[in-house]
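If you read the protein sequences in the order shown, they are chains L and B.
The opening position of the first sequence corresponds to residue 1 in this note's numbering, with each subsequent residue numbered one higher.
The opening position of the second sequence corresponds to residue 1 in this note's numbering, with each subsequent residue numbered one higher.
The reader is advised that the hints may include incorrect statements.
[What the hints assert, rightly or not] Label pairs and their calculated CB-CB ranges:
1. L:Ile148 / B:Gly274: 41 to 49 angstroms
2. L:Glu25 / B:Gln485: 32 to 40 angstroms
3. L:Ser131 / B:Glu318: 42 to 50 angstroms
4. L:Glu49 / B:Asn306: 45 to 53 angstroms
Think of the hints as simulated: they come from the structure by calculation, not from any bench.
As the structure is a prediction and not an experimental result, all values here were calculated from the model.
Ideal Cβ positions, reconstructed from N, Cα and C, are used throughout, including at glycine.
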Amino acid sequence: MNLTLHVWRQNGPADEGRFVTYRVEGASAHMSFLEMLDHLNEQLIKKGEDPIAFDSDCREGICGMCGFMINGEPHGPLPATTVCQLHMRHYQDGDELWLEPWRAAGFPVIKDLVVDRSAFDRIIAAGGYISVRTGSAPEANSTRVPKINADAAMDAAECIACGACVAACPNASAMLFTAAKVAHLALLPQGQPERYLRVVEMVNQQDADFGHCTNHGACQNACPKAISTDYIAMLNGDLRRAKFRRPTDLD
Amino acid sequence: MELNARIPAGPIQQKWDNHRFNLKLVNPANKRRHDIIVVGSGLAGASAAATMGELGYKVHCFCFQDSPRRAHSIAAQGGINAAKDYTNEGDSIWRLFYDTVKGGDYRAREANVYRLAQISVNIIDQCVAQGVPFARDYAGYLDNRSFGGAQVSRTFYARGQTGQQLLLGAYQALQRQVKLGNVKMYTRHEMLDLVVVDGAARGIVTRDLVTGAITSHVADAVVLATGGYSNVFYLSTNARGCNATAIWRAYKKGAGFANPCFTQIHPTAIPPHGEGQSKLTLMSESLRNDGRVWVPKTPGDKRPPNEIPESERDYYLERLYPSFGNLVPRDVASRRAKEMVDQGKGVGPSGIGVYLDFRDAIQRLGRTVIEERYGNLFDMYMNITGENPYEVPMRIYPAPHYTMGGLWVDYNLMSTIPGLHVIGEANFSDHGANRLGASALMQGLADGYFIIPLTIGDYLATARPAKLDASHPAFREAEAAVREQTRRLLSINGSRTVTEFHRELGSIMWNYCGMARTAQGLEKALDLVRDLRQQFWEDVKVPGDSGNINMELEHASRVADFLELGELMCRDALHRNESAGGHFREEYQTPEGEAKRNDEEFAYVAVWEYAGPDAPPVLHKEPLEFEYVHLAQRSYK
Ligand SMILES: Cc1cc2nc3c(=O)[nH]c(=O)nc-3n(C[C@H](O)[C@H](O)[C@H](O)COP(=O)(O)OP(=O)(O)OC[C@H]3O[C@@H](n4cnc5c(N)ncnc54)[C@H](O)[C@@H]3O)c2cc1C
Ligand code: FES
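Chain B extracted, bound-state conformation:
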């Protein structure tokens, strides 16, 4: 496997401009001769499909929900970053670039991050023009707020529903192209395999989730925009349907998988309630702007929060990090919360949780302001817990949330399989070992609106894919393999449900490959996951048949992939003998308990190549060079 990142030459400020000039173009009249498959209709997929349709390509876009508008991006709450500096605080493209590289604990590729920061300003322009109703001040200008890991207010937001509004903007643009006939939308379709012909990605095999039909789709290039894999933990803040199947099956067809162990545990989710729980609900990080995090100073203090006097509270983030306080990056905030709970200072009925208190903010700003800022989040909290956060502090606890790892891509967002492009959360590109808040939406839209529509043209103009149809043996084989897997899942008829396996996998991953990891724990997890996978294929019970809606079958095929991915994550976490961002190996920490990197040995992207079902995957390395942001121990003190 060759890892050529194809980073353009020249000073970082000019790389993207130079590159755009050097990209080969497809003649406008020829664009409609190219079919492009986009799998996914979240921010990344919908913006890419709409824009490529608009450019004249024939786009085929797929999603498993009943409408493209329901992709998981819809759930993003807090906001989207852009280096507009409307607040006159000295923000700049350079500062956003710097914050992102540092926030990612120096494990991201500088050139990509710089381009992301550059494009951030165009995204806001584009979205406003589409009618995204961002928050505004009384003069009618766009309003901003600050977000974890940043000391400037550069986050644009639409109440607590920023993802929804951005996705609706992209979805509307997409529907416009559907109407114009430039994009064909396939809803309730799941991609179950990637088809590679003569070394290049030439199509996919899907299952129609309503009729069960297995079909091949041929194209000149394939774009995966299928989101992240946090659901490997079973309980996460992601939507129930989020899964790794598309990228995992592409991995098994030869796409390198980068940094699978870089996962983000978000500090502010509602603590789990117990048995039967189907997901965790995020409370947007923006709450940390006004909420203060604390626990009782004495372990085991079971008094109601409002009876604990000021002197017996430990505002531990403010104590440990005087300059960033409650706004430290996510990885730091999560780990510290776990530490408090491990010390017996956790709050709530289960003792799993810390307080996020709005008392002081309500006193300072008044209830109306707080209601305006966070009303819907407070309602959501009240709804779920039955407690009123205007009166008692919220209880929060970390939850799996985002995956920085994903398929490896070069500067053009192309994977190690020519023609297979990967955008949005599904790729590994911009966030290193930890993503800053409000940067995923930015990346998804940068990739979809502004990068892939240009770089894909270069691929098409250079590779000139030959004409092909679905009778090609590679498609036939892929279809047969999908049918066979479906048949196998339905025929096991064992004794345990898919959910039981998923839940068990989740608890292994959470315990050994979650917020804190050790070599010993990871070794153990490797055995446990392998063992569980074997049991799955012997004892899972998938009811029904494949000729109708069968949600258990869908779930089973996703869990089968998670059971393999889980192993790769542990393997990656075990090999990385350092702590970086969200990857915290207990053996590698500073005396103050912060993540301790090992730049000598690990300043690289770990890219895993599939080597068959019975052989261990092969590790490749893309060295990371830091020319502009100098390697330093992160400090938020």
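Next comes chain L alone, as it looks inside the complex:
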């Protein structure tokens, strides 16, 4: 199959950037989208041109390293699918596609489709953990966790921190990412002691790099793990309780 790609090329943060058009010839329907780009890059290298920079690692939808916009949609058209899992059989010969990096103030472009997502690490560092010293844990089965809570915590914990939620959001907010971690830990008994401190610290940190959430819900549609905006509602509940009470009043 042959395709036309308009790819955002930007040689470093200081460069203005522009779309450059490429013809891809001889891609196969079995290839993944990234394999199709590999294929194009091989041709560019042979021609002595600079290959397109894009991030990827696991190529099975779990590491969260990959991600860019295809025709304005994060990770492309399929629901709950990262771009590394998107296969070319969903495209047709002659298709024309526009590839762009995540566009968000919190994610500066490093090169072409590669962005800097270190702001996510800072949100986790602000409080996205349970403070337990290695060696001080009690016997694992001493605390029971209702299956329904464990499952809901797992649903939230599946976030891969790819950044699609931010890219989809008109405010470039990272609230779905933040909420997924807040909810994962708040749903478990082990997460209770730091629950309210955590949500305040993490939201403050998200506000430092990203926009505010105004409940558009675009993030949920874009999320390759289909994480629900219900978790944002839960975060907001916790945040309100944390803000309007003294920490000692909280359960």
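Given the coordinates of chain L, work out where chain B with the ligands should sit on it, guided by the hints.
Just chain B with the ligands now, kept in the frame of chain L:
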């Protein structure tokens, strides 16, 4: 090269306790005077860096991804073992120890394995306390499942994303230490050399993958947690970035490389689709709990699977191994699949594959249960192949997956270079010639949370490394060498891409040093690899420069190392005139086609010492003694 494993005296049950008591301690107030470098942020690296930071050391942690949370450990699916015996099936530390030694085909060090089994129970406690959302039953207790090579259910899991959840636990602990200022994290940094001063590891040289800056980092000790080298085969289940560069360059600085030919080919990956393929996708081994493996009885039977009647199917694992059935260890399952394909009974468009069928399990348990257990794996399969495994059997085929070999370490996890420690998949320690499912995560976390944070203190307190800075000539030389290699790669400007070389190396390794090996094939592979390496340095084309993100340059430097490592693997495979676990030499098999060990001559760890670019490496041997698990022919009949 001296190989002193430093195995503590005493009965095996007490070795670790005794050893912990005998380890020298670093005074809490002095810990912050010690800088420790941890290269890698997977399960092993992140848990080690977080724990050592928590103890008060000044930790510097490196990874090549943009965040520590993306290390390849994130992709582990099936689960993590622990001898908790929550299922009341008679599991115990002893049984986990026994299964691991036997599963490894008696090529692992007993004392290390026993300690691993002991620590396994603490790992689960630790992870649960961190909030790892393991699967639970309706009463709220932790759930378990069984895994290949074991007859008890001792595997803890978080849906099909156990590695992700364990890594996020370790990553969160790490980020907490970053916030507290105890750990400094360097992302998008690649270690390109180890610096040895007065015989001890004192630092590393890295390249900043964004700016291209080459920098030295000085420390009192270095810990490598850089994962495995399955990508020497080009196509493997590993993440694209996994590579051998850190351990290979340490090898060239004097660290012994143990059992490089012990590689694991996993039985259940999605078969390759062809040209342009960039990696192979694993279907977790846990699927073998409920899926039944079969091929048509008649070679060349091209009917769709659902039209092949029961009587014309060969459930070959159940037939050959009545007691373990579909749950035989990986090496056995892989080899048998290859055998079926070699006999022309392979399935799918390419004929490379066997069926893994859930029909009976769905009938027995209902679709909901199967969906709950394996939903995300089935989705992944559907996504990649366009076929629905709820309706047609999956097609699977073996793929390179894990490397038991790695840098040699003693009981303290220290390599043959004082101060250089190696943890996780990067070392050789616990799995012998074959690793059991769900044991790599266990080992990575045992090493990182519970072993290295203690043993490193003993090294620091004993060796008392002198103060040093990066102006030392050894750092200068290492930096210059890294710059020179970078310059050389960029200046060749030949006609073939890095990927073309990598793919070719992969096919040599797969054909001659893969699931079945022969002396003749290995001799041939040695020539082919050497030849390819020479072509690489004359004809590779690496575009761009080194002052910006240049992924081709990164790849080129990794492939350059794989081209050397491949040769060592073949050499090791050739010297080991026996079959053991994943190392199957066709000349050495039982009449039933099982791996036939030669304990008289080969019950040792083969440790290779680098002897310079033009000399063959020197072989050293660490004899293995089996005091507790008696040497026996493995049988899963
Ligand atoms: C698909 C898949 C599924 C698996 N499932 C299971 C399972 O269910 N159960 C189980 O027990 N095991 C499983 N395994 C095996 C297990 O995941 C790995 O063995 C284990 O995670 C390795 O962890 P690690 O910490 O040693 O290394 P990794 O997680 O590979 O981490 C390596 C780290 O080193 C860094 N690094 C490497 N080289 C350099 C360098 N030169 N400079 C700087 N940084 C560097 C990387 O950035 C990374 O942070 C699976 C493996 C695969 C491939
Ligand atoms: S490359 Fe890992 S999620 Fe896409």
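Which hints from the list above does the structure break, by number from lowest to highest? The structure conflicts with no hint, since it agrees with every one listed earlier.
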